[in-house]
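Participant: Using the working numbering, you'd call the opening residue of the sequence shown number 1 and step up by one each time.
Keep in mind the hints are simulated off the structure, nothing from the lab. If you're wondering where the values come from, they're calculated on a predicted model, not measured in any experiment. All C-beta atoms in this analysis are idealised placements derived from N, C-alpha and C, irrespective of residue type, glycine included. Worth double-checking, as some hints may not be accurate.
[Unchecked claim] Simulated DEER-style distance windows between Cβ atoms:
id	residue 1	residue 2	range
1	52	8	25 to 35 Å
2	124	88	39 to 49 Å
3	8	116	27 to 37 Å
4	53	126	40 to 50 Å
5	85	126	46 to 56 Å
6	51	28	21 to 31 Å
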Amino acid sequence: GHQNRNGLAIGLAAPWVDLNGFFVVDAADGDGLDGFCWTRFHPATQGDTPEPPLGEVYVIATSERARGRGLGRALVEVGMDHQYRVRGARQAMLWTEADNDGALTLYDRLGYVIHHGNARYAPRSRT
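Whenever a hint applies, use it, and build me the whole structure from the sequences.
Facilitator: What follows is the structure, encoded as structure tokens:
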């Protein structure tokens, strides 16, 4: 989806947010942002199905003017490096839409594989 400044500010104010996992590239011309990567950390879980600590690319965004220059790749790499070195996450995850070809290509080039998919269903329109 698309993120505007207001939505981003509200999201970053949430109590679970670790701003040390938020990485920003300012536009070279001083006019806004060229991109950002917002990461999250999920601690290890115990119990019947224990899970290791997990780093997540929560939101990745690049401006239209910055696309095609490798910025998205660099931001994901910096974000996941932070999750690995600082937080101890040895696995990573992210979510994207099945029709987001640019994101799917980026994640494939970074070595991510599809672990599982989700589907949403709604009633047919009655018009």
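Participant: Hint by hint, note whether the structure agrees.
Facilitator: Hints, one by one, checked against the model:
| no. | hint | verdict |
| --- | --- | --- |
| 1 | 52 <-> 8: 25 to 35 Å | 29 Å, holds |
| 2 | 124 <-> 88: 39 to 49 Å | 47 Å, holds |
| 3 | 8 <-> 116: 27 to 37 Å | 28 Å, holds |
| 4 | 53 <-> 126: 40 to 50 Å | 47 Å, holds |
| 5 | 85 <-> 126: 46 to 56 Å | 54 Å, holds |
| 6 | 51 <-> 28: 21 to 31 Å | 40 Å, violated |
Comparing the model with each numbered hint stated earlier shows that hint 6 is the single one that does not hold.
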